[in-house]
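Visitor: With these hints in hand, go ahead and build the complete structure from the sequences.
Chains as they are written, first to last, in our numbering: chain A, 982 to 1112; chain B, 982 to 1112; chain C, 982 to 1112; chain D, 982 to 1112; chain E, 982 to 1112; chain F, 982 to 1112; chain G, 982 to 1112; chain H, 982 to 1112; chain I, 982 to 1112; chain J, 982 to 1112.
The reader is advised that the hints may include incorrect statements.
Stated by the list, open to error - In the PhoX-like style, the derived pairs of lysine-lysine whose C-alpha atoms are separated by at most 20 Å in a straight line are:
#1 D:K1104 with E:K1047
#2 J:K1013 with J:K1111
#3 F:K1056 with C:K1030
Hints in this document: simulated from the structure, not taken from any laboratory.
From a predicted model like this one, the values you see are computed outputs, not experimental measurements.
Next come the chains, spelled out residue by residue.
Number of protein chains: 10
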Amino acid sequence: MNQTSAYDELQDHIRDLKTPSIETWENKYSDKEYTIEITNLEFSAICPKTGLPDYATICITYIPDKDCVELKSLKEYFVFFRDVGIFHEHVINKVLEDFVAACQPRKVEVFGDFNIRGGMKTKVHASYVKE
Amino acid sequence: MNQTSAYDELQDHIRDLKTPSIETWENKYSDKEYTIEITNLEFSAICPKTGLPDYATICITYIPDKDCVELKSLKEYFVFFRDVGIFHEHVINKVLEDFVAACQPRKVEVFGDFNIRGGMKTKVHASYVKE
Amino acid sequence: MNQTSAYDELQDHIRDLKTPSIETWENKYSDKEYTIEITNLEFSAICPKTGLPDYATICITYIPDKDCVELKSLKEYFVFFRDVGIFHEHVINKVLEDFVAACQPRKVEVFGDFNIRGGMKTKVHASYVKE
Amino acid sequence: MNQTSAYDELQDHIRDLKTPSIETWENKYSDKEYTIEITNLEFSAICPKTGLPDYATICITYIPDKDCVELKSLKEYFVFFRDVGIFHEHVINKVLEDFVAACQPRKVEVFGDFNIRGGMKTKVHASYVKE
Amino acid sequence: MNQTSAYDELQDHIRDLKTPSIETWENKYSDKEYTIEITNLEFSAICPKTGLPDYATICITYIPDKDCVELKSLKEYFVFFRDVGIFHEHVINKVLEDFVAACQPRKVEVFGDFNIRGGMKTKVHASYVKE
Amino acid sequence: MNQTSAYDELQDHIRDLKTPSIETWENKYSDKEYTIEITNLEFSAICPKTGLPDYATICITYIPDKDCVELKSLKEYFVFFRDVGIFHEHVINKVLEDFVAACQPRKVEVFGDFNIRGGMKTKVHASYVKE
Amino acid sequence: MNQTSAYDELQDHIRDLKTPSIETWENKYSDKEYTIEITNLEFSAICPKTGLPDYATICITYIPDKDCVELKSLKEYFVFFRDVGIFHEHVINKVLEDFVAACQPRKVEVFGDFNIRGGMKTKVHASYVKE
Amino acid sequence: MNQTSAYDELQDHIRDLKTPSIETWENKYSDKEYTIEITNLEFSAICPKTGLPDYATICITYIPDKDCVELKSLKEYFVFFRDVGIFHEHVINKVLEDFVAACQPRKVEVFGDFNIRGGMKTKVHASYVKE
Amino acid sequence: MNQTSAYDELQDHIRDLKTPSIETWENKYSDKEYTIEITNLEFSAICPKTGLPDYATICITYIPDKDCVELKSLKEYFVFFRDVGIFHEHVINKVLEDFVAACQPRKVEVFGDFNIRGGMKTKVHASYVKE
Amino acid sequence: MNQTSAYDELQDHIRDLKTPSIETWENKYSDKEYTIEITNLEFSAICPKTGLPDYATICITYIPDKDCVELKSLKEYFVFFRDVGIFHEHVINKVLEDFVAACQPRKVEVFGDFNIRGGMKTKVHASYVKE
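Guide: The following block contains the structure:
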């Protein structure tokens, strides 16, 4: 199985991809609703079609509940994708699911702004609200 | 029939103009509502009045249902218009109809920002919501 | 009667001022609501107080019904004001009335952004909705 | 009584401060609701604490009723403040009251954006709606 | 107990941290609802993890009730944090609580935009409404 | 002779076109070399090809000798071109010659930045140095 | 011979490619050195490698001698490249040679700023001085 | 003698206008050539023609010799002009002469960027080099 | 030997690091001096100190001699650094040497603009001229 | 001796102020002249007049000789100033001297851009060339 096939394989099972855990700390103001926005200006992954690097800015905006995400472990979580072949749409949905699992926020939005390819620009936006 | 007449003819039958198909892939997160925005910074068509090239940025924002559009085939779909004489308003409505036919999204907006002509700038905005 | 008096006279009868007609073409997508925005970056008229030229950007945003305005005739309509002494507020209301009369849109907004005079900037915004 | 004391005195009686009148002209389109925005990019007053000049941009956005404000007299009204020691918050509330008294608009907003002092920037926003 | 431990200790008791009082003056227009926005472009505190300085812009937007905050004492209040080891999220919640205690506004929002660290940017937003 | 022919005629004799005089005042610092830059953000003339208005920003930078140009008369000089059919290149060279004749500066540069036409932008730059 | 081979063939003989002539008009101020800058914001050609459209801004800055280039014919000259498969570097050198042949300027610079491809941006700059 | 006449009178004797002194402090690094740039973003004077306020940004760039200018006294020096009717060109030359007299720098440039009046912008630039 | 030690080892022998070759094509206009600027907006390498990714924009400006660099192979050359632990200063000098070896240009400049780390930004600039 | 007097005392002996050492590493490309620019976006010191914090961006551009400065120790060097009462002009000259002593570069420029105080902005620029 060559590299591109491996990437295709991955896309079919993207929801099962095992990613590093994101650490959290106890929110001292969990009695209040407030908003935290964390922007990673240096996201990079691999394009499954070409095997070449993709670049993006990814912004997470959330209202914490019991826990806040620890910034350093979040950065390391993002670095994990550096060698992963994955579509833009999958990146954003995957990050959303992992983030919700990690800190169970009251609300979270994940937004990705991917670099131009062939004169075309792609942005993807997904969100979650705790019921 | 000269070139300009041919263009006029085309405008009357613009809704019948046959365009290339846009390919799609299966949306693995179709259980969720999320948004994809694709911007073509390099759209070009022909002005039916003068026969000279027109230039525009066209942005498609959609919430996918079962299928996502494949980026490369979308780019080729846009390149098709490069030799087509067509009004700004028609471009946007035509792209909207073709896009809906291709991937049947839950919702889609098509926005075109056309270059200045004679000190005048034109923008056109159309949208669709699945009932 | 001097020039300035003539301008004053005009302001009192501004709603009767006869302006060039704006041509239209048949909207092929009149079964759908979509938006067209036309910006004239090069509007000029005469200040009735000083007799000197005024400059502005005027933006028309409308949802067409049966007819779309023809861009070239709209430009010539605007050029008509180049030698007319008229207040900023009157320009925008006059353009709105003429535009509605020409193409009877479902909805239209007219916005004017006039150049700085004496450290003061004026913007005027008017709109119309078909009942 | 020294200069600073005089300024303090003024703040206590700020609502009684007599300012120049703002002239108006008859609104020919008073049957319609439309918006006029006038921005003074060159507002200046005196800081009551230091006796030094303050600078600001002040923007008035209003829906006229029977009368529109005359631009030249509005400019002269603003110039009056050039030698007045007055707090930022008082400037905006005072201008609002005087403006309402002058032309009795359907609605008006007054916004002031004051220059940085000691690394701190102040903006003040007040509004009025005719009942 | 070393410096970093001291910082950790502080985070656990952050809601008890004693800060300088913020002075106020009587709002002469308390019969009206209007908005004041004060932006500190030069906030600095210490990162509890590294002991190195952090930098941020902090913006407070409030609708005063009986009292307005005095700008100079607010600046000195902010300077207090210059030697305090404190998390971004805590800064904003702490400032919000202190501000509410000082002037009991009808409404207030506190927003902090912290400088990039390791390619990651953090913004925090908290608010309060008097019941 | 129709309008367009008249314009063509004018281009051939452009150096003979009689323009309004530019007034001057005595330079009190003529013992020193210093620079004055005056930018007209609102220049307009007629395109000889189409008869439609052209728009440009024109900037004059000069080192005065015995005389400085009077700003108000310079503005009126520019307004003269509003009804003149003239090429971009001719505008700049004509303004340069008239300016030199009016105040005989030590040095002067005239720069014009004309609005986009058909996706093409034109800038023209001419200068003079007294020998 | 397929399309790509045809493009390769063209690159080898690029200096022999026959292009449309650029018209000129007599420079009435040829006794003076002045500068004209013409920027085409809408240049497009074909990438010989992929057969897909390329986009660029091309700026020509020249000091005319006996002749100035006629703007409309220059625009048509540029439109010719719309269907030509040609490298970025060749475009700029070709335009330079054709421009010099057309109007024999005292000096000319040609600068091209080509759109991003694969995260890489290319600019090319060539010039000519009459000896 | 009315106010405007008084202003005219002043222009004739502008070089004799008595202005506040600018204080200095001893340059501890006078053995080295280095550059200090001080920009006053809030300069204001009176237009002698209209009696209305003018606004400008004034930038002083100098290489100190034995003395540096004291910032607070420089600010007060600028505030003096707030009630002086004076032409743009005179402001810059006057500031230059006063600055040289105050600190006798090795070199100094004074640049003024005055706000738009009637669509026209004026900038003035003067300089001095110690021989 | 751990990862960081390996990185340190590499820095000492950085001039011996073997990198992928950069392909070239024959410059058809080598009889002329012209300039090509290629900017890689998506450079990434590893920080030898932390093992975390670094990001930069790298711009190469050169005057070709017999050969031009082939864009695709240059991109692949840059991708090679993605997994290399290397200092900013070394990146630029290494790229310069490799580029000169590949196409032996008449002149070349390499400029790197690296992302902020700890509130500090680094840019490095190196160049070569053929003798 | 109060705090302000202590600051004054310091200014007189500023050239004797003991600052932390800046570490260096061996320049592997010292056979070549290349340029490194390091910008500290987060410089802060104390204003000796008011005792309040000052903020600035400081940029060092140098051509290394045998040694390059180590970035982390440079940052710590800058942090030292956080509690030092010192004039803008002294900061830049002091940093220049310390930097030269640390790495003895072929050439270095130090530039500081200090935040607005009282509507006035100060920039200071100093440089050194090895003889």
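Visitor: Against each hint, give a clear statement of whether it holds in the structure.
Guide: Hints, one by one, checked against the model:
1. D:K1104 with E:K1047: 19 Å, holds
2. J:K1013 with J:K1111: Answer holds: K1013 (chain J) to K1111 (chain J) is near 15 Å, not above 20 Å.
3. F:K1056 with C:K1030: 17 Å, holds
The structure shown violates none of the earlier numbered hints.
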